[in-house]
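Enquirer: Sequence:
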Amino acid sequence: MNNFEVAAFFKKMASLLEFRGENPFRIKAYEKAARNIKSLDEELSAYYDQKGRVPKIPGVGQATKEKVAEILDTGTFREYEETVADIPPGILDILDIPGIGPKTAKLFYERLDVTSVDDLVKAAEQHRIRRLPRMGPGKEENILRSVQRYLENSERKRTPLATAVPIVELIREELNACPCIKELIDAGSLRRRKDTLGDINLLALSDNPEETLDCFANLSDITEVIDKNNDFCSVVYRGEVRIDLRIVPEESFGSFLQYYTGSKKHNRHLQYLALQRGYILNEYGFTNTEADDTIRCEEEKQVYDFLGIDYPVPELREDRGEIEAGMQNRLPELIEIGDIKGDLHVHSTWSDGKNTIEELALDARERGYEYIAITDHSPSTAIANGLSDKRLMEHAREVEKADENIDGIRILSGTECDIRSNGKLDYSNRLLENLDIVIAAVHAGLEQQEKTMTKRMVAALEDEHVDILAHPTGRKFGKRGAYDFDLEKVFQTALDNDKILEINSSPKRLDLNDTHARIAKEMGIKVAINTDTHRLDNFNNIRYGVDVARRAWLEPKDVVNTRKLKDIESLLGI
DNA sequence: GCCGTTTTCGGCCCGACTGTTTTCAGTCG
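Counting from 1, position 566 in the first sequence corresponds to residue 566 in full-length UniProt numbering; the numbering is continuous, with no gaps.
In silico EDC-like links for lysine to aspartate or glutamate, alpha-carbon gap of 20 Å or less: (1) K526 <-> D498; (2) K157 <-> D244; (3) K12 <-> E31; (4) K401 <-> E358; (5) K264 <-> D199; (6) K341 <-> D363; (7) K28 <-> E79; (8) K65 <-> E43; (9) K12 <-> D73; (10) K106 <-> D119; (11) K264 <-> E318; (12) K157 <-> D96; (13) K56 <-> E70; (14) K157 <-> E240; (15) K182 <-> D231; (16) K122 <-> D96; (17) K265 <-> D310; (18) K301 <-> E318; (19) K12 <-> E81; (20) K526 <-> E333; (21) K32 <-> E5; (22) K228 <-> E211; (23) K38 <-> E66; (24) K424 <-> E447; (25) K455 <-> D484; (26) K106 <-> E82; (27) K11 <-> E70; (28) K12 <-> E22; (29) K182 <-> E211; (30) K489 <-> E522; (31) K182 <-> E300; (32) K182 <-> D207; (33) K508 <-> D537; (34) K122 <-> E152; (35) K11 <-> D96; (36) K354 <-> E366.
Since the hints were derived computationally from the structure, they do not count as laboratory data.
Sequences are here, hints too, so could you generate the full structure?
Expert: Here you go:
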């Protein structure tokens, strides 16, 4: 159980208590505990395993500490379970809908007898909501829209790549103890580095398939074995993620790897090409339709060689033109992590970051970066301790000082400036023009209608001080989709005004996503891959941003922060 | 439920945005 999961219990608990109308300060205390647990640097479970107690955390007193221990021991806590049991189950779903908080859920429950999402939809459609106090037609409409989006999201519950990767690392470590496994290889969407995974696909070479699959089925944290036979086993990890392991024969390892990497569409296209040449292509290799004789590929590349296609890396295999490009020797030279020369979106202790400007700079230098931009929040994002005008000026001076004191890396002064709901920026021109870099971002008023939101974003992109639009579509995994806005218009505005669009590497965002980043590239819009770092280890998330970029066919030249310091400076007009 | 005391009980309590109001409640990051 990680900190986010522990924090989620307390956040949820706060909602439930608010729904029941309990002491607001007790509710606040739970919210605060959740916030502080989420922003801890070390993993509670690791600390607890090692020391047998819960560390001191601000806002977490004795009572909550005991609950944390209970969660780590048992996966839940008694009071939470009792509270949940006391509330109609459908209410829990309603509380998950963005825009509907505990107070609103309570109102609907008490006045309209709404105890499920279904009830809620009916109440809205029958216009019963608009008659409630402080409700009206606009509210009713917004609620219907939120519910619709919520239902769409919950239908396709996929696992974010950044959740899957650590799980696979743990499994890999545990399976190391199993001597019969010769090699364990990622396959499927995991290998293609898709941002979310339906399930995790692994392949293994083994001398003893039976024993290997037994090892696998008995891993800790496996909560269910769905299917198991001679060369295949499918399990559920912690009741959430499905993981398939398949033992593959060495003589056709390449064919298997290619086949189980997919995607389905990519494979279907290859199968069509094979058939034109008189072969059936499947996981065993190419089978001659007449002679019934199979060519097994030991190496994956042989599959492509056989069809006369340059080898496409897994990230490209979506049948979005990579097969045609491979046939014409014009596959892109994709960007790699090593190409990244700096990070243009970093938060320090001045707003909601965990590290000082110096710590960030030294760590970035250690990573071989030539530059970073310190881009703390603006006043509108108050909960993140956004910088007032006065503090912004002090901040810039502090950055300048650090830049003078630390050799080997350039530290740029910047801001992640809120785009207010009316399209105005959170700082005046006078302040913005003193900064090296200005990132603009939408953080509030996310439910605006398409026209308003588009206008708002366009206005920001037309501002001469703005360099980058951060997390342009606003999506967050498991939370909400993109803002309602005209993507084409916003992208065109970015192009016309020579602005940079961000691929935000934060695992909960990955925004732009691969298709949007590809559109940006094709339109000729510059892209930056940033981590939005709030603490040092967030710098590691760059891998996920680069994954997105690679899936979007981006080459080093498409990404501004592959440029050397002096080129980035001239690009930013410093 | 937490915290910090002129120390064990009283105060805690961001601010923009939205859709309602006719001065504000609820949600969110």
